[in-house]
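Participant: Make a model of the complete structure from these sequences and hints.
In order, the protein sequences belong to chains V and S.
Heads up: the first sequence is residues 307 to 465, going by our numbering.
Heads up: the second sequence is residues 466 to 1080, going by our numbering.
Straight-line alpha carbon distances no greater than 30 Å define the calculated DSBU-like cross-link-like pairs of lysine-lysine that follow:
(1) V:Lys-456 x V:Lys-309
(2) S:Lys-745 x V:Lys-451
(3) V:Lys-344 x S:Lys-614
(4) V:Lys-415 x S:Lys-592
(5) S:Lys-751 x V:Lys-451
(6) S:Lys-671 x V:Lys-344
(7) S:Lys-677 x V:Lys-415
(8) S:Lys-736 x V:Lys-317
(9) S:Lys-751 x V:Lys-317
(10) S:Lys-470 x S:Lys-1002
(11) S:Lys-513 x S:Lys-471
A short, non-exhaustive set of chain S residues, derived as facing chain V with CB atoms under 10 Å:
(12) Asp-643
(13) Leu-644
(14) Lys-671
(15) Gly-672
(16) Ala-759
Please keep in mind that the hints were generated in silico from the structure rather than gathered at the bench.
On a predicted model such as this, the values are computed, not experimentally measured, just so you know.
Built from N, CA and C at the ideal position, the CB exists for glycine as well.
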Amino acid sequence: MQKSLYIDANKCTGCLQCEMACSYENYGVFNISKSRIKVFNFEHAGRMVPYTCTQCAEAWCLHACPVEAIKLDALTGAKVVNDATCVGCKVCTIACPFGTVNYVVETGKVQKCDLCGGDPACASACPTAAITYVDADWTGLDKMKQWAGKTDTQPRANG
Amino acid sequence: MGWTKKVLRVDLSKGTCKSEPLNMKWAQEYLGQRGLATKYFVEEVDPKVDPLSPANKMIMATGPLTGTMASTGGRYSVITKGALTGAIACSNSGGYFGAEMKFAGWDMVIFEGKSPKPVYLAIEDDKAELRDAAHLWGKTVWQTEEIIKKTHQDPQTRVCSIGRAGENGVMYACIVNDLHRAAGRSGVGTVMGSKNLKAVAIRGTKGAGGIKDGKAFMKATVAAKKVLAENAVTSQGLPTYGTQVLMNVINEMGALPTRNHRDVQFEDARKISGEAMHEKRPTDGKAQLVTNAACFGCTIACGRISKMDEGHFSVVNKPEYWGASGGLEYEAAWALGAANGVGDLEALQYANLICNEDGYDPITFGATVGAAMELYDLGILTKEQIGMDAPFGSAEALVKLSEMTAKGEGFGKELGLGSARLCAKYGKPELSMGVKKQEFPAYDSRGIQGMGLAYATSNRGACHLRGYTVASEVLGIPVKTDPLVTEGKADLVKAFQDATSVFDSAGVCVFTTFAWTLADLQPQLDAACEGGWSMEKLALVGERIWNMERVFNNAAGFTAKDDDLPPRLKTEAAKTGPAKGKVNGIDVMRPEYYKARGWDEKGVPSKDTLKRLGL
Chain V
307 MQKSLYIDAN
317 KCTGCLQCEM
327 ACSYENYGVF
337 NISKSRIKVF
347 NFEHAGRMVP
357 YTCTQCAEAW
367 CLHACPVEAI
377 KLDALTGAKV
387 VNDATCVGCK
397 VCTIACPFGT
407 VNYVVETGKV
417 QKCDLCGGDP
427 ACASACPTAA
437 ITYVDADWTG
447 LDKMKQWAGK
457 TDTQPRANG
Chain S
466 MGWTKKVLRV
476 DLSKGTCKSE
486 PLNMKWAQEY
496 LGQRGLATKY
506 FVEEVDPKVD
516 PLSPANKMIM
526 ATGPLTGTMA
536 STGGRYSVIT
546 KGALTGAIAC
556 SNSGGYFGAE
566 MKFAGWDMVI
576 FEGKSPKPVY
586 LAIEDDKAEL
596 RDAAHLWGKT
606 VWQTEEIIKK
616 THQDPQTRVC
626 SIGRAGENGV
636 MYACIVNDLH
646 RAAGRSGVGT
656 VMGSKNLKAV
666 AIRGTKGAGG
676 IKDGKAFMKA
686 TVAAKKVLAE
696 NAVTSQGLPT
706 YGTQVLMNVI
716 NEMGALPTRN
726 HRDVQFEDAR
736 KISGEAMHEK
746 RPTDGKAQLV
756 TNAACFGCTI
766 ACGRISKMDE
776 GHFSVVNKPE
786 YWGASGGLEY
796 EAAWALGAAN
806 GVGDLEALQY
816 ANLICNEDGY
826 DPITFGATVG
836 AAMELYDLGI
846 LTKEQIGMDA
856 PFGSAEALVK
866 LSEMTAKGEG
876 FGKELGLGSA
886 RLCAKYGKPE
896 LSMGVKKQEF
906 PAYDSRGIQG
916 MGLAYATSNR
926 GACHLRGYTV
936 ASEVLGIPVK
946 TDPLVTEGKA
956 DLVKAFQDAT
966 SVFDSAGVCV
976 FTTFAWTLAD
986 LQPQLDAACE
996 GGWSMEKLAL
1006 VGERIWNMER
1016 VFNNAAGFTA
1026 KDDDLPPRLK
1036 TEAAKTGPAK
1046 GKVNGIDVMR
1056 PEYYKARGWD
1066 EKGVPSKDTL
1076 KRLGL
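Facilitator: In C-alpha cells:
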C-alpha cells in the first residue's frame, strides 16, 4: 500500500518540530532553514499551516528537469532528486506550481520532500497528529468520517 | 556540545560588534541562558550601577537546548539590572526569536554602553551590524517587526523590539518578540530603551548542531515528550485552557488577589476565566479564543490566540485590533481583571493587546492600575488628577489608561512609574502590592503561604516564576502540601528556586515542570552537552545560580528588610474562602529559609555556603 502525507492544519500549533525533524533527518542538524516542510503562521487569522510537496502524479518538476535528476520512487510514490545528477539549473523550481522544490546554495542542488524513503520524520515528530502518513488512496477518510458523524440518523430501537 | 561557543559583544557607544569565544569554564559551572549570562553580568557590571545608565549592560542569552528538538527548546532570557527593581533581572521569553539566535550561531549577545542615536542590531549568521533606527523610533512593536521584515525582504527574519513604553521610560517596559511573546518583567525593555536600542533582527541559517551524542539526545527528547504527552496538565489542561485553567481554581482556593489585595476572591472570576474564553459571546456568537498555539519546539502549546468582539466599546471602529492575536494568559487576565475588579473579558483582552503592541508588562501595569483605583477610592487621587472616574471595576478607566501609559499622556505618565513609586509619591507606600518594587502576580499569599516566601525572596522582585510552589500547594506536583500552613515551606521554596534556576538556564520552558522533574531534563542535557551532566551537578548548578544572584543583590544594597511582604498581607486577614482569617506567615518562614540556604540572619550567604558552591 502506498502512503501519503496527510496534513490537517486545524491541529497544527506552530511548534516547528516537523521542520527540525526534517532538517535533522536530511542534514544531521536542527536547522529549520533547511527544512523541506514549512509551517506558515497566518498571525491575523490565528492559523498555522504546514505545507510541503504533494508528490504530484504528473510531476511538473520531474518533467521539467533537463537532466532527468528527478525520479519516481515506485515504492513510496515520492519524486526524488538525485544529487549526483542534479546540475542546479533551477528549472524545476520554476515548473513547480506550489513552490515546494527549492535550491540550496550550499550544495548547488535543489531539494524537495522525498518522504524519507517511506518513514517521514515530520509525521513522526508532530505532537498533535497535524501531519500523519496514511493510505494514499484514503487521504479523505478523516474528513469523510467527520461528515459522516454529522449525518442525522435515528437511534436504533431495540438494538 | 549544545553551545555554539560564540558570544557577540555589541558596544553601543562605539557602534561595534565583535565575536568572542564563550567562556567554557563558566558554561560548565552555570550551564547557559539565565545562569551563564548572569555570571557574565556579575563579573562585568558594578552592582551599584544605575540601571538606566550606559554602564549597565544587557545580555540576551540562549540555553544549550535552545533551537533543538527538546520540547519547549526555544527559550531565551534577558539579563540586566532591572529598571523597575534595581535588582538582578532575568526575563524569559518563548516564541521563535531565541531559536533564531542559536541558528545564527550565537549563544548570547552582550550589549554595553549607549548608542548616541536610535539603532537596531541586524544579525545574519556571522554578520552583525548596528543600523539606523530613526524610522522605527516612535513605532509600536507590531509596526517595527513589519517594517524590518519588509526592509530586509525576508519574512523569515525574527525580531524582538521595544515599543513606545520602552522608548518613553515606562519603568516596566518589556522586550517583545514574535508579536506577542515577551521578556516581560522588571523593566528589561526600559533598559533597552535607555540604550537607544530599538530592536534586534536575526536570521540564522546555520542551525543548532554539535549535539554531543545525537542518538542518545533524540532518544532522551522523545522520552521526555512522552512524559509531557501523558501528563494531564501538560497534555490537556494547558493546551485546552492555557494558563487560564487556573482562574477558577485559584479563586475557589481563596487566593485570587482582588481589588489591590483587599479581597482574595473575585465575584466575576468565572467571567474572565479560561472557560469563559471558550464560550460563545451573546453579542456576536463567537468565542474569544480562536486556537491554542505553541512557541518554538513546544509540544504543550499553552498559548492563547484570540479575536475580540468587534462591537466592544474598546475596539469599535478600530479594525486594527479585530484580527487574531495573543492572549489572554492567566497572569495578564488576573492583573488587568481581578486586581482592578474589572470583569469585562473583552476589555481585558484589549488592554492586553495594547501591552503587547506598546511593549509593557501587563502584570505590573494591571497591579498599578489597581493601586491607583485604591488611591482614588480613598480620595487621595481625584477625578481631575486621573482625568476620569476610576473606581474599582471600571473597564472604561482600564481601557483609557492602557492607551495613555506607553505614550506618557496625562496620568499615564504616573502609571508608568509602577505601583511602588506611584504609591510612595502619594504618601501611601504600603498600598503597593509587591516586593522589591515589583508587583505580585496572581496568587494571594494568604491563601498559598509558600508563595509569600517565594515572592519575598525572589531575586528579581515579586514573581511566580522563580519558585512556583503553587505546583505543590495547589496542584500536588510533585507532592501535595497544605497551602494554609508555613511548616516545610522554607525547604519547598528553596527546592523550587534551585530547580527552576536549572530549567531557566537550559533553554526550555519552566512549564515543562508540571510534568518533568530534573530527572527528565538531565538525560537531555547530558546527551547534548559535553562535560557530564549528572543530577548532582545540576542540583549544585541551580543552587549556585541562586546564590550568585543573591550576592549581586546584597552588593547592590538589598538587605533582609527587602525580603518582606507589604503590611496588608501580614495584618489584614483574608475575608472569605478557605483561607478566611489567615495572614501570610512570612516572618516565621524567612528565618527558616535563611537557615535552609546556609545564610546568616541578615540573609547573607555564609563563607561555607559560598565555598561549597564555588562562589
